[in-house]
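There are 2 protein chains.
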Amino acid sequence: MNNRLKNLKSRLARRKLDAMLVSQPDNRRYLSGFTACDHDIQESSGLLLIPRQGQPLLLTDSRFEILARQEAPDFEVTLYRKGLNTLLEKLLPALNIKRLGFESHYTLHSTARKLQQSCTKVETTIIPLTGLIEKMRLCKEAEELAIIEKSVHLNEQVFQEIFQQLRPGMTEIDIAMRLENLMRHKGAERPSFDTIVASGPNGALPHAVPGHRAIKKGEPIVIDMGLTLAGYCSDMTRTVVVGQPSNKTTEIIRIVRQAQLAGMATIRTGLTGKQVDSAARKIIQKAGYGHAFGHGLGHGVGLAVHEPPSLSPRYTRKLQEGMVVTVEPGIYLEGWGGVRLENMVVVEKNGCRLLNQDSTGLDI
Amino acid sequence: MNNRLKNLKSRLARRKLDAMLVSQPDNRRYLSGFTACDHDIQESSGLLLIPRQGQPLLLTDSRFEILARQEAPDFEVTLYRKGLNTLLEKLLPALNIKRLGFESHYTLHSTARKLQQSCTKVETTIIPLTGLIEKMRLCKEAEELAIIEKSVHLNEQVFQEIFQQLRPGMTEIDIAMRLENLMRHKGAERPSFDTIVASGPNGALPHAVPGHRAIKKGEPIVIDMGLTLAGYCSDMTRTVVVGQPSNKTTEIIRIVRQAQLAGMATIRTGLTGKQVDSAARKIIQKAGYGHAFGHGLGHGVGLAVHEPPSLSPRYTRKLQEGMVVTVEPGIYLEGWGGVRLENMVVVEKNGCRLLNQDSTGLDI
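Heads up: the sequence lines are chains S and X, in that order. The opening residue of the first sequence carries number 1 in the numbering used here; numbering runs sequentially from there. The opening residue of the second sequence carries number 365 in the numbering used here; numbering runs sequentially from there.
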């Protein structure tokens, strides 16, 4: 049995749970190796039923049967031909599961209701759990860090190759497509999120969707991109200028870079996400742009591109060794545009280790 | 006020609700015009708070403020700087909302718990709703049908252009990327789902992920693709062969096509999804492949690529005029491969109207 399953089972024992139902796709993959994505939360590709004792099961439908067998050899693949609840009404008594945990933060209110009805029939109590497996995923194993590092470097290669091709007149969407194509050509599973290419005034929207606007000489272009490699995500933002940046652009890039460096210099085991955010935010506030930095400084990255911990004014828990976080301050000015710079680091005992090698446009 | 809001408000009145919270992204877009997607269900881009009387609100965060103002002029854009629940604790008493509906099928169990806590504080009762707005979306308005038809035809143009380029040796992923790129170049917002290109034995997985396998002469290649245009989805599957198909391939394509025609010939207002599924399924069963058709015959398409109604053995509700559904029987044989053929139709009083013009590989 793999160590992650062993770890989970001891957590179930501590909570006096007979089994746990795992529906969240990244958690499912983390424990089983099953790589399927969910089309959406209402259309699951499968669930794990992990009893504290005995064989873990992967419950899925016929569409995923072959894939599940190939990818999750530790699990017994069982199909729910008449729906999940009908299957559970059989399995729970057969496996003598009296207390069943489920993922409160990845189970719909309506799904939980139906689960409650089925479990009542077979005298099983359901217990909502939050973040149980996410907590296991917080600090990355050495093997995971190695994959994340590969994911970061592949992402940088893709960025570099397309960055060299940038010319005035290319549209945002054209650049985004070149990036995403090259990711796949170089072996990424997929982009880890919709690539952002936001030029000129469009940069003022932190989550801009690439459009048919042509990029121009001298304006800041925010490129926020990431890819998934063997399940693990990368996430990087560069703000680049084709030709000479204006004085204002240079000034703002320098402020954002100072904030980023201040954030990175603060990160170490034992400090809170709030403390790190604050160190970076102060730089932007002092420069008079506090109002123009509306989001948190960073977020965890792993199987999910956004996962705990968070570097933000509201995250008061402490950072731990082996966590991977982004450091991404930004300044957004409606009508003018935006600047965001984002790197990924691993939290260490006395500081942090930068995962990025690329330094395009950071120090101008 | 737009008709959809008016319609919703009268539904709220019937249920004696003072307001409804809308979190599901397609429902949000349907009512407001706000096009943002959610990164995932745990990371909302915004919610609508629609009181039975008075100004509807769009609650979002600073990342989406500008976009929301541009796209949803009927709504008052309000930011939740300290979290959604803090904002609701102010708004609900201010707007005198005593009974608040929420979307049970797009609210997480954990989110519903927190909402319950906040609402208890301000003496508001929360009422879970299921499918209220989805019901409004079931039958398409003439304007929606016109956009869906455009979406279908653009998808077919993309298919045709890449189909002409198919050569042995091209990889699945290369074909999928060409398709998705061309979608975006031709003005689609995005693919409506991850494009499937499954060649030879890979076709046996109905939800195969395109890989680095090169396509070969004579084997069946399943191409399942769709795009989103002005919010509305298309979805089409063709099974094509480069060169001459084998006798077995020809035989199976003919059975699947007969099943598709039988399904389409059965569709009309008043019949159930189960009845239509059954008409097509019988053909495949009689040919001895009943075990190899493991999914339903079809599903609704609109703002979502999978939405009600469903053509399946478990869907016993009646079809209505203006519904849009796919008709997509398939035969999947492990080790050999698969065949699926998928068209989209509009349900009409005495039959159905085919939205597809492309007939590649259907009648061989």
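Check each hint, because a few of them may be wrong.
Taking lysine to any residue and the SDA-like style, the derived pairs with C-alpha atoms no more than 25 Å apart in a straight line are [said to hold, decoys possible]: (1) K446(X) x G290(S); (2) K478(X) x T360(S); (3) K186(S) x T535(X); (4) K485(X) x E76(S); (5) K478(X) x P308(S); (6) K478(X) x R317(S); (7) K135(S) x H549(X); (8) K114(S) x G652(X); (9) K454(X) x K114(S); (10) K82(S) x A656(X); (11) K82(S) x K550(X); (12) K462(X) x R113(S); (13) K499(X) x G83(S); (14) K580(X) x R63(S); (15) K82(S) x E507(X); (16) K282(S) x R445(X); (17) K274(S) x R445(X); (18) K186(S) x P532(X); (19) K216(S) x H549(X); (20) K646(X) x Y80(S); (21) K550(X) x L166(S); (22) K373(X) x T535(X); (23) K550(X) x Q165(S); (24) K446(X) x L333(S); (25) K282(S) x Y444(X); (26) K135(S) x I405(X); (27) K550(X) x P168(S); (28) K318(S) x K446(X); (29) K478(X) x M136(S).
Don't read these hints as lab results, they were simulated from the structure. Being a predicted model, the structure only gives us computed values, none of them experimental.
Legend entry - Hints the structure fails to honour: 2, 4, 7, 8, 9, 11, 15 and 22
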